[in-house]
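> Residue numbering for the sequence shown is 1 to 510, as defined by UniProt numbering.
FYI, nobody ran anything at the bench for these hints, they're computed from the structure. One should not assume that every hint holds.
Here are the simulated distance ranges between beta carbons [claimed, not checked]:
| id | residue 1 | residue 2 | range |
| --- | --- | --- | --- |
| 1 | S101 | E288 | 21 to 27 Å |
| 2 | S115 | G481 | 31 to 37 Å |
| 3 | S254 | S414 | 27 to 33 Å |
| 4 | Q113 | G246 | 18 to 24 Å |
For each residue, glycine too, the CB sits at the ideal point set by N, CA and C.
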Amino acid sequence: MTLRIGVVAVSSAVIALGCMGLDQQEHEREHESAAALQGSARPGEARFIEGGTIPYVLGFSPEAGQRLGGSHTLLIPLTGTREPMDAANLPTSLHPELRGSYAALNSSLLQGQASGPFASQWWPHSRNGIADRWNSLVKDYGDLTSDPDNLSPAEKYDLLFYAGQARSIEPAADVATGERSRREGPGAPRATQVAGPTTYWELRHHGLYQGVTPEYWWGHCNGWAAYVVAEGGSPPRRDVRVRRSGDTIVECASVETGCVLFRMADIEALMTELYHHDAATFSGRRCEAREDRVLRDHYGRPVDPACRDLNPGTMHVAMTGLLGLGASSLSAASSGRARRSFVVDYTWHREVWSYPVTSFTIDTIAEVSAQEAARLVCNGGFQGADCYNYRFNPSARRFVRVAARYGMISDEVSTAALLQPAALRNVPIVSSELHYVLELDDRLTVLGGEWIKNPALANGVNGKQMHPDYFWIPVRAQGAGEDGDDLGGSGDNPYVAYSRVRALLDLSRR
């Protein structure tokens, strides 16, 4: 299909899923706090300055006296140009190549797709994160022998790397009642002793023992999304039974005893934990408001800029540039130019649901007049809006209405599917509509845009209320406070080492 501005066709659907993610501060402040230049990059590699951290705060634990959550170390790509979008929505903040010809409207680029990310689990806090015995009916953390092949990923890691280092733990007061009501009966022991420090930390920080009752959306989907986007190579292909031989992890023969079975999903969970606190590029702001408390202007747009963005112009340039044209890798784990995925916070309000975006399709692209653009933005607005004059970007000279869809990989995988290789899980792609007006200059450079309601349907999707909050690209698993092997810090489990989990992953790929 050849696209001409003015040709219109509409076909779209929307599905909503979710998970936990980041807490974005004002991007301008992050630029002001930029640290030293990363000077060791080789020619052709992306170069960054570190711009502080972006915390994702879930709550406060009175028992521990600390905030709950973690952070991303913000990496700001070095570029020589700036776009007219505001400082928090620069496409080049996401990827340094999203400028020049990438920022120009390409009327022949209707779709694109990246490969790599795969469906897995988001390891919610309400199920104890990666300390969840996801494939076992035995939930007593003090019982490590009744079903050893189906212990949690954290427990298996402890048995392999921290053998003999069991920890005592008491459930937080607010979860004790829920613990006693489990189907095993009130008399069953509840985590009086756990396998080791990895399990202990997970229960205390990402589980039901952290001093507060986790909200339903708290979990690891930002870690899962970062892992499947940034990590090179294939997902785990098979389960592996291993033991340690000195500092080396070796696969066990079938007759050996004293070995630990790591299922494919166990390895995925550990990789997810490693990337839960990472370093990433970032564009957009996080909206902190509850959906029912967002104030709106005459046009129906959120008044708070953090709830109004992500700017649709930024989203359009990212989709067509990264998924359509392709770009170089920002991660050392992969190289060369290819179509690239990125991670999006699917909802614009307080809750954060992070998904890897792997595809886009443009169903409608039509040039409209300034007056028609104003009318489109007015649709779904309120009394007092100017529906005859386009007042949102005085630099705009041309306007284009776009209806598009983007596809996301799901993190809702059943237990039965987790027992299969990722290629056999057959989890449907999550699809979401986008409706917006692009603002262009005379050379068709994308300057920005406004979200609109779907004008083709009376009860169509309203882009002012259904659009991504922000997006990001993971660059490396190591975040602030962690060493080169991802040990230490407080954002993810400080006892899980990248080199050890990567060794398990490499064995499972053979």
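> Each hint should be assessed against the structure and marked as holding or not.
Tested hints:
The beta-carbon spacing between S101 and E288, approximately 36 Å, falls outside the hinted interval of 21 to 27 Å. At roughly 33 Å, the beta carbons of S115 and G481 sit within the given window of 31 to 37 Å. In this structure the hint that S254 and S414 lie 27 to 33 Å apart at CB holds, the actual value being about 29 Å. For Q113 and G246, the hinted distance range of 18 to 24 Å is not satisfied, since their beta carbons lie about 44 Å from each other.
Checked against the numbered hints given earlier, the structure breaks hints 1 and 4 and satisfies all the rest.
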